[in-house]
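J.: Each chain is listed here by its residues.
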Amino acid sequence: MKLVNPLAAIFHPPPTPGLLAVFGHLDAAVDAIGRLRAAGHTDFTVYSPVPRHELEDSLDQPVSPVRMFTLVGGISGCAIGAWLTLYMSYDWPVVVGGKPIGSIPPYVVIMFEMTVLFGALSTILGIGFNALFAARRLGTVAYDPRFTNDKFGIFVPSEPARAGQVESLLRGAGAEEVRRA
Amino acid sequence: MADTPPARVTYDFVTRAIARTLGNPGKGYFALLAAAVALLGVGITCLLFLLRYGLGLAGYSHPVYWAVYITCFVFWVGIAHSGTLISAILFLFRSGWRTAVYRTAEAMTVFAVMTAGLFPLIHIGRQWYFYWLIPYPNERGLWPNFKSPLIWDEFAIGTYFTVSTVFLIMGLIPDIAAVRDLATGWRKKLYAVTAVGWRGTNEQWRHYTRGYLYLAALATPLVLSVHSVVSWDFAMALVPGWHATLFAPYFVAGAIYSGVAMVITLLVPIRKLFHLEELITVHHFENLAKLCLLTGMIVSMSYCTENFTAWFGGNPHERAAFWYRAFGPFWWASWTMNICNGLLPWLLWSKKVRTSVIALFVVSIFVNIGMWFERFVIIVVSLAGEPFERFSNATYNPTWADWGIMAGSFGWFFMWFLLFVKNFPAVSISEVKEVLPAPKRGKAVAA
Numbered sequence: 001m002k003l004v005n006p007l008a009a010i011f012h013p014p015p016t017p018g019l020l021a022v023f024g025h026l027d028a029a030v031d032a033i034g035r036l037r038a039a040g041h042t043d044f045t046v047y048s049p050v051p052r053h054e055l056e057d058s059l060d061q062p063v064s065p066v067r068m069f070t071l072v073g074g075i076s077g078c079a080i081g082a083w084l085t086l087y088m089s090y091d092w093p094v095v096v097g098g099k100p101i102g103s104i105p106p107y108v109v110i111m112f113e114m115t116v117l118f119g120a121l122s123t124i125l126g127i128g129f130n131a132l133f134a135a136r137r138l139g140t141v142a143y144d145p146r147f148t149n150d151k152f153g154i155f156v157p158s159e160p161a162r163a164g165q166v167e168s169l170l171r172g173a174g175a176e177e178v179r180r181a
Numbered sequence: 001m002a003d004t005p006p007a008r009v010t011y012d013f014v015t016r017a018i019a020r021t022l023g024n025p026g027k028g029y030f031a032l033l034a035a036a037v038a039l040l041g042v043g044i045t046c047l048l049f050l051l052r053y054g055l056g057l058a059g060y061s062h063p064v065y066w067a068v069y070i071t072c073f074v075f076w077v078g079i080a081h082s083g084t085l086i087s088a089i090l091f092l093f094r095s096g097w098r099t100a101v102y103r104t105a106e107a108m109t110v111f112a113v114m115t116a117g118l119f120p121l122i123h124i125g126r127q128w129y130f131y132w133l134i135p136y137p138n139e140r141g142l143w144p145n146f147k148s149p150l151i152w153d154e155f156a157i158g159t160y161f162t163v164s165t166v167f168l169i170m171g172l173i174p175d176i177a178a179v180r181d182l183a184t185g186w187r188k189k190l191y192a193v194t195a196v197g198w199r200g201t202n203e204q205w206r207h208y209t210r211g212y213l214y215l216a217a218l219a220t221p222l223v224l225s226v227h228s229v230v231s232w233d234f235a236m237a238l239v240p241g242w243h244a245t246l247f248a249p250y251f252v253a254g255a256i257y258s259g260v261a262m263v264i265t266l267l268v269p270i271r272k273l274f275h276l277e278e279l280i281t282v283h284h285f286e287n288l289a290k291l292c293l294l295t296g297m298i299v300s301m302s303y304c305t306e307n308f309t310a311w312f313g314g315n316p317h318e319r320a321a322f323w324y325r326a327f328g329p330f331w332w333a334s335w336t337m338n339i340c341n342g343l344l345p346w347l348l349w350s351k352k353v354r355t356s357v358i359a360l361f362v363v364s365i366f367v368n369i370g371m372w373f374e375r376f377v378i379i380v381v382s383l384a385g386e387p388f389e390r391f392s393n394a395t396y397n398p399t400w401a402d403w404g405i406m407a408g409s410f411g412w413f414f415m416w417f418l419l420f421v422k423n424f425p426a427v428s429i430s431e432v433k434e435v436l437p438a439p440k441r442g443k444a445v446a447a
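Each protein sequence line maps, in turn, to chains A and B.
Just so we're aligned, residue 1 is where the first sequence starts under our numbering, counting upward by one.
Just so we're aligned, residue 1 is where the second sequence starts under our numbering, counting upward by one.
Since the hints were derived computationally from the structure, they do not count as laboratory data.
The beta carbon of each residue, even a glycine, is placed where N, CA and C say it ideally should be.
Be aware that a few hints might be false.
Here are the simulated distance ranges between beta carbons [what the hints assert, rightly or not]: (1) Phe11/A <-> Pro221/B: 42 to 52 Å; (2) Ala79/A <-> Gly328/B: 44 to 54 Å; (3) Arg94/B <-> Leu7/A: 53 to 63 Å; (4) Ala35/B <-> Ala181/A: 17 to 27 Å; (5) Ile10/A <-> Arg126/B: 40 to 50 Å; (6) Gly34/A <-> Tyr136/B: 36 to 46 Å; (7) Ile80/A <-> Gly28/B: 47 to 57 Å; (8) Ile80/A <-> Asn315/B: 35 to 45 Å; (9) Gly23/B <-> Glu177/A: 25 to 35 Å; (10) Glu139/B <-> Ile10/A: 37 to 47 Å.
Make the full structure from the sequences, and use the hints.
T.: If you want it as structure tokens, here you go:
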């Protein structure tokens, strides 16, 4: 029996056939995104060296769910901070400075710090998970090292039969080069 | 507009200029690194003596039991603060100029907190029991006292270190990917692993930019809270000179003041060594100087307020403490602090000083000296002049072990910082590109 490496399945999803276009200009890439969306393409990948509002606007994606991770992380952190301080105070009750065993004002400091700590860590987890799930959904798509330097790119998944049509669309929008992957 | 870079600064120029800093940095760099390691060696030697012979080697004498180590702790935590100010608070304010300097500042934050964190451990005496600070179920059935500001401090510093490290690494990921795509050999392998699969896809940017915004939003109140909590280590006690509600804002302003000065101290040689004059311009230095000026003015005002309250409040102990500060045996420390922090920032009102890199470098070093002495004055001098202990005040003098460990902390900090700037992009590649005009059709690059 052949064993499957579960990590490979997560981090190296099977390759997706399609076309990779390289753009030297931002407005050309924005133009291509508009044409692709008009032609009914939805699952293409856009590469860019910097986050640009023009790309965001033309893609019109929903707001990232990372904010829920931050919110839930922050609230849990606050709750853990409250539990930590109150439980530990009542577990070994010693009167300090004539104050009640569980005094909320000094514990607010701990609750605040824990809110920030858990909020920040769960934000990181949120970014990681969401990016990973998106990559899993799209499969392994073609890439070019120039995309982290000064080129914009669009990968359009496509069956070989429809590739010619997509290629002429991309070239029409101003792609510097288009290659089949 | 001063923000507009010269036309030849394109996306490709930025990537290559910053990737070049990872190449051979030349003799000057190695000389600095050797000096840092040598200083660290001095510190480690003194620390080993301290571990062997105990805290008697430190100059403690009743009633001064918080001295150079706690001074260094507060100093280094303070240094850390401007990094988060520049990377998080200015990010929320959408300041374009921060992009060229924030990576250096953020790295400085992480290494400064790493340095600061050592001092409470050195200071506690039985250093091998440091883990007693952590609330873990133990055989004694005891828990930490959460009503103590020292425990708040532990949580604040722990959170600050974690969050600022996470923030630094987050910002580094797209840049490591950019240098990965240019590198060859073993460096390519290293950067391929550390870039965690970054390719700049729309999905990655979508989650990343949102997450970055929330991290900045969380780091902003955090940075203000951390030095407030550090100030409460003092303000919650009844010692005259410490027991003031002014302390939290006073400490936060002082922290940012010293931190911005340290950013200038670090950026001047880095810019020269790695030839980054076109990315880090005089305009950036001027903006840093303005931040320094603003916080310097707040610090000056705090000094005035503090002295005024001591006099006007009518509390004889408080008055005596401030008199002792200015004219007692430690007058030299107090006046170093007053001159470096109260008078020197006034120079920055002059545009000539703000736009001269050399002048700023000199001012920044004096600000750092002044801020170290500020902490020394607040901590040591307030304790030494404590009126409740009049019968027993011996003279306090820092010993060679104190000075050695302090010097070692500078070596430790500079060593990490120098290793960082050599091995990772010291200027943010993707964020510097963000403030450049994007390449558009028709014109090669918009000027």
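J.: Hint by hint, note whether the structure agrees.
T.: Going through the hints against the structure:
no. : hint                             : verdict
1   : Phe11/A <-> Pro221/B: 42 to 52 Å : 36 Å, violated
2   : Ala79/A <-> Gly328/B: 44 to 54 Å : 49 Å, holds
3   : Arg94/B <-> Leu7/A: 53 to 63 Å   : 40 Å, violated
4   : Ala35/B <-> Ala181/A: 17 to 27 Å : 51 Å, violated
5   : Ile10/A <-> Arg126/B: 40 to 50 Å : 46 Å, holds
6   : Gly34/A <-> Tyr136/B: 36 to 46 Å : 57 Å, violated
7   : Ile80/A <-> Gly28/B: 47 to 57 Å  : 48 Å, holds
8   : Ile80/A <-> Asn315/B: 35 to 45 Å : 41 Å, holds
9   : Gly23/B <-> Glu177/A: 25 to 35 Å : 30 Å, holds
10  : Glu139/B <-> Ile10/A: 37 to 47 Å : 42 Å, holds
Hints 1, 3, 4 and 6, counting from the list given before, are not met by this structure.
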